[in-house]
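J.: Sequence:
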Amino acid sequence: MTLANDPRRAQLRRLKALALGLLLLMLAGFAVRHWQGERGIWAWVSAFCEAAAVGALADWFAVVALFRRPMGLPIPHTAIIPRSKERIGDSLALFVRDQFLEPGVLLAKLQVFDPASRLGSWLADPARSR
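Residue 78 in our numbering sits at position 78 of the sequence shown, and the numbers go up by one each step.
Worth double-checking, as some hints may not be accurate.
Unchecked claim - Simulated restraints, written as ranges between beta carbons of each label pair: (1) L101 / A43: 53 to 63 Å; (2) R83 / R118: 40 to 50 Å; (3) A51 / R83: 27 to 37 Å; (4) L23 / T2: 26 to 36 Å; (5) R97 / A43: 48 to 58 Å; (6) R97 / V63: 39 to 49 Å; (7) G89 / V45: 45 to 55 Å; (8) R14 / G89: 23 to 33 Å; (9) V105 / W42: 51 to 61 Å; (10) V96 / F67: 21 to 31 Å; (11) S84 / R118: 15 to 25 Å; (12) L12 / A43: 33 to 43 Å; (13) P76 / W122: 50 to 60 Å; (14) R9 / E50: 31 to 41 Å.
Derived from the structure by calculation, the hints contain no laboratory data.
Think of the CB as a built atom: it goes at the ideal place given N, C-alpha and C, for glycine as much as any other residue.
Construct the complete structure from the given sequences, taking the supplied hints into account.
T.: Structure follows, in structure tokens:
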């Protein structure tokens, strides 16, 4: 399977298009306020659309800012992950080592899981001994 044929890429494109469509719909709903005024139900529709559009833009900016500079602008505190890749990797390695690979923790997990007994039961099952 090539990168161009990857179904995940197609799904990502569809989801991006859906997100953009919803953002445009919210902006259009907010713009309707200028023609309808803020009377009756339109006040509620306008408030909902405004909040949804602002939330969508804030989420987009936050996620993009983690991985790169939004719109190529040199905004401080952006592209955090690429600049901190080594530090993040070291911290993750320490966390895994201290929280999951400590002998006491491993022994406790192995005692609960009891892999030898499970394997023995599985092997002793007549249905599996064809």
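J.: State, for the Cβ atoms of L23 and T2, whether the hinted interval 26 to 36 Å holds or is violated.
T.: holds (31 Å)
J.: For the range 15 to 25 Å, tell me whether the beta carbons of S84 and R118 fit it or not.
T.: Check failed, 41 Å falls outside 15 to 25 Å.
J.: Is it true that G89 and V45 lie within 45 to 55 Å of each other by Cβ?
T.: holds (47 Å)
J.: Taking 33 to 43 Å as the stated bounds, is the beta-carbon spacing between L12 and A43 within them?
T.: holds (36 Å)
J.: For the pair V105 and W42, does the Cβ-Cβ distance stay inside 51 to 61 Å?
T.: holds (58 Å)
J.: Take a look at whether the Cβ-Cβ distance between R14 and G89 falls inside 23 to 33 Å.
T.: holds (32 Å)
J.: Using the Cβ atoms, figure out if L101 sits within 53 to 63 Å of A43.
T.: Holds, at about 57 Å.
J.: Determine whether the Cβ-Cβ distance between R97 and V63 falls within the hinted range of 39 to 49 Å.
T.: Because 29 Å falls outside the window, the suggested range is violated.
J.: Could you check the hint for me, namely that P76 and W122 are 50 to 60 Å apart, CB to CB?
T.: holds (57 Å)
J.: Could you see if the CB distance from R83 to R118 stays within 40 to 50 Å?
T.: About 45 Å separates the Cβ atoms of R83 and R118, which means 40 to 50 Å holds.
J.: Taking 21 to 31 Å as the hint, is the beta-carbon distance of V96 and F67 inside that range?
T.: 23 Å Cβ-Cβ, so the 21 to 31 Å window holds.
J.: Take a look at whether the Cβ-Cβ distance between R9 and E50 falls inside 31 to 41 Å.
T.: holds (33 Å)
Of the numbered hints listed earlier, those contradicted by the structure are 6 and 11.
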